[in-house]
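Next come the chains, spelled out residue by residue.
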Amino acid sequence: MSKIHIEGLIKTYTSKHGPVTALKDVSLSIKQNEFVTLVGPSGCGKSTLLKLMGALIRPSRGTLLFDGARLLHPTRDVGIVFQEAVLLEWRTVLDNVLLPTEILGLDKVKSRGRAMDLINLVGLAGFERRFPRELSGGMQQRVSLCRALIHNPSVLLMDEPFAALDAMTREELGFELMRIWDKDKKTVIFVTHNITEAILLADRVVAMTPRPGRIARIVDIELSRPRTIDMEFTQKFKSYSDQIREVIYHGTGASRS
Amino acid sequence: MTAERNAAELYQEDKALEPSDSTLKAVLGATLTLMALAILWEVLVRQFQVPAWLLPSPSLIVESMVEWRSELVGHSMVTLYETLVGFALSIAISVPLAVAVVYSPLLQNTIYPILLALQSMPKVAIAPLLALWIGFGTLPKIVVVFLVCFFPIIVATATGLAAVPAPLMDLIRSLSASSLQTFVKIRFPTAMPHIFVGLKIAITFAVIGAVIGEFVGSESGLGYLILVSTSQSRTPLAFGALVLLTIMSIVLYYGIALVEHVVVPWAPRN
Ligand SMILES: Nc1ncnc2c1ncn2[C@@H]1O[C@H](COP(=O)(O)OP(=O)(O)O)[C@@H](O)[C@H]1O
Ligand SMILES: [Mg+2]
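Heads up: the protein sequence lines correspond to chains A and B, in order. Quick note on numbering: the first sequence equals residues 1005 to 1261 in the numbering used here. Quick note on numbering: the second sequence equals residues 269 to 538 in the numbering used here.
Any given hint might turn out to be false.
Here are some chain B residues pointing at chain A (derived, C-beta under 7 angstroms) [said to hold, decoys possible]:
| hint | residue |
| --- | --- |
| 1 | P433 |
| 2 | P435 |
| 3 | L436 |
| 4 | D438 |
| 5 | L439 |
| 6 | R441 |
| 7 | S442 |
| 8 | L443 |
| 9 | S444 |
| 10 | A445 |
| 11 | S447 |
| 12 | P457 |
| 13 | W534 |
Calculated lysine-lysine pairs in the DSS-like style (CA-CA distance at most 27 angstroms, straight line) [unchecked claim]:
| hint | chain 1 | residue 1 | chain 2 | residue 2 |
| --- | --- | --- | --- | --- |
| 14 | A | K1114 | A | K1187 |
| 15 | A | K1112 | A | K1187 |
| 16 | A | K1240 | A | K1189 |
| 17 | B | K453 | A | K1112 |
| 18 | A | K1055 | A | K1240 |
| 19 | A | K1035 | A | K1187 |
| 20 | A | K1114 | A | K1189 |
| 21 | B | K453 | A | K1114 |
| 22 | B | K453 | A | K1055 |
I should point out that these hints are in silico values taken from the structure, not numbers from a laboratory. Where is the CB? At the ideal position from N, CA and C, for every residue including glycine.
All chains, please: the whole structure from these sequences, using the hints.
This is the structure we're talking about:
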């Protein structure tokens, strides 16, 4: 059984200028513990698809199954990371990480221990008592990752989580995310508009095109793990990149090519 | 990322955050400028022998302030009382009302236009009516203060409550947080810096509101003192009252800023 199963999904927003079809006829099956990246130009419905998977918005039509059941309400089995860390400025790093456990009413002592472990895991040991404004963008995003993982969800939804960071920090965090995922497997759906990042992280890259947003091609990435930075320069990597670029830039979707 | 690099990054940011001596410099600069202006004023008044009833010299103002100190203190207390009670009343009513407005689209559509209309009405014009309805005691002054403070506080609070970043709201929703949790843990703390912006604007209006109320009809307060002393050509005393009003306004403003510093230490500083 797939972790998330999507079939014939349509999402139409109503805007001032009439209806906007953000997603048209999207079908996708994501396996348990799979690392899937969604890549495509802005406006192709990546965020919309992610929000649908988190039940933050409802589909207009189609099927969305989470663990085989229709997803009607947000589930605590999901952790979310956004492009902005959106930490609470009045809380310390530790208290920011603990926020979801307070909302879910989880055991305080256990949560604290787990939060400390996560903070150590992302290399922020010693920064528990710091406030967000004292941290760099990269460090803030690490805190936001801890916050998404604190209640041990089985699915991690990430919407361009590293897009606001400089190239070096971005790469570093990418590898760190894979290290964490390797230790504690989760189903990860990771949105990016960076093709290299999409390939380097993913088991499968879902390439999307806009107007209306749909899946143009799905590419299986058969690079060994752990991934390394040199893989970027291999022939295989380049061919993946070409396959994705082709559909994204020329709009020759799988159905038309 | 290594611990050393974390530390290095932090060190850099710490340096940027270090409180500089700019506050001290600003205070010192303002004081010196004021003193220079006072000296210039003194010199000009003496040079051109301006009559005291027209424009008293700073030294004469100080002299009369010392002479009339007990009256000045007494009237200051009245104005301060009206200001603080009106201000407190305004907070007590506008903050909950802002919460109601943010949570209820119906209220948003009904109360907001009324508030805007109220705000557009000149308070100076309302003051005589208040005197007509509730007399010449302290109550009508408190009501004027309340009215001038109301709008900035409610607008700031409503703006602040709505200022939660959309992704954060999504995150909270994904955890199925209750409305109360969302309010207590997210919305209200987010609104706090905004509320203090409103309070700081309101407190400067508050003093003006009290004086307006006193102008319209009263037997006490600094506004009353100014009215009486100018009508009797005791201009130095009127200036003395004006000085006290200014000081009161400034002290109240920085009082709020101090409370803000303690209550909302994360608020952006200017
Ligand atoms: N709340 C909304 N109301 C109306 N239109 C929206 C809304 N959210 C997104 N859209 C539109 O849907 C399309 C897809 O948006 P989005 O999912 O944010 O794309 P992406 O994340 O790939 O940039 C865009 O055309 C966007 O303008
Ligand atoms: Mg997006």
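Hints, one by one, checked against the model:
{"no.": "1", "hint": "P433", "result": "5 angstroms, holds"}
{"no.": "2", "hint": "P435", "result": "4 angstroms, holds"}
{"no.": "3", "hint": "L436", "result": "4 angstroms, holds"}
{"no.": "4", "hint": "D438", "result": "5 angstroms, holds"}
{"no.": "5", "hint": "L439", "result": "5 angstroms, holds"}
{"no.": "6", "hint": "R441", "result": "6 angstroms, holds"}
{"no.": "7", "hint": "S442", "result": "5 angstroms, holds"}
{"no.": "8", "hint": "L443", "result": "5 angstroms, holds"}
{"no.": "9", "hint": "S444", "result": "5 angstroms, holds"}
{"no.": "10", "hint": "A445", "result": "5 angstroms, holds"}
{"no.": "11", "hint": "S447", "result": "12 angstroms, violated"}
{"no.": "12", "hint": "P457", "result": "5 angstroms, holds"}
{"no.": "13", "hint": "W534", "result": "4 angstroms, holds"}
{"no.": "14", "hint": "A:K1114 x A:K1187", "result": "20 angstroms, holds"}
{"no.": "15", "hint": "A:K1112 x A:K1187", "result": "24 angstroms, holds"}
{"no.": "16", "hint": "A:K1240 x A:K1189", "result": "25 angstroms, holds"}
{"no.": "17", "hint": "B:K453 x A:K1112", "result": "16 angstroms, holds"}
{"no.": "18", "hint": "A:K1055 x A:K1240", "result": "32 angstroms, violated"}
{"no.": "19", "hint": "A:K1035 x A:K1187", "result": "18 angstroms, holds"}
{"no.": "20", "hint": "A:K1114 x A:K1189", "result": "21 angstroms, holds"}
{"no.": "21", "hint": "B:K453 x A:K1114", "result": "21 angstroms, holds"}
{"no.": "22", "hint": "B:K453 x A:K1055", "result": "23 angstroms, holds"}
The structure shown violates the earlier hints numbered 11, 18.
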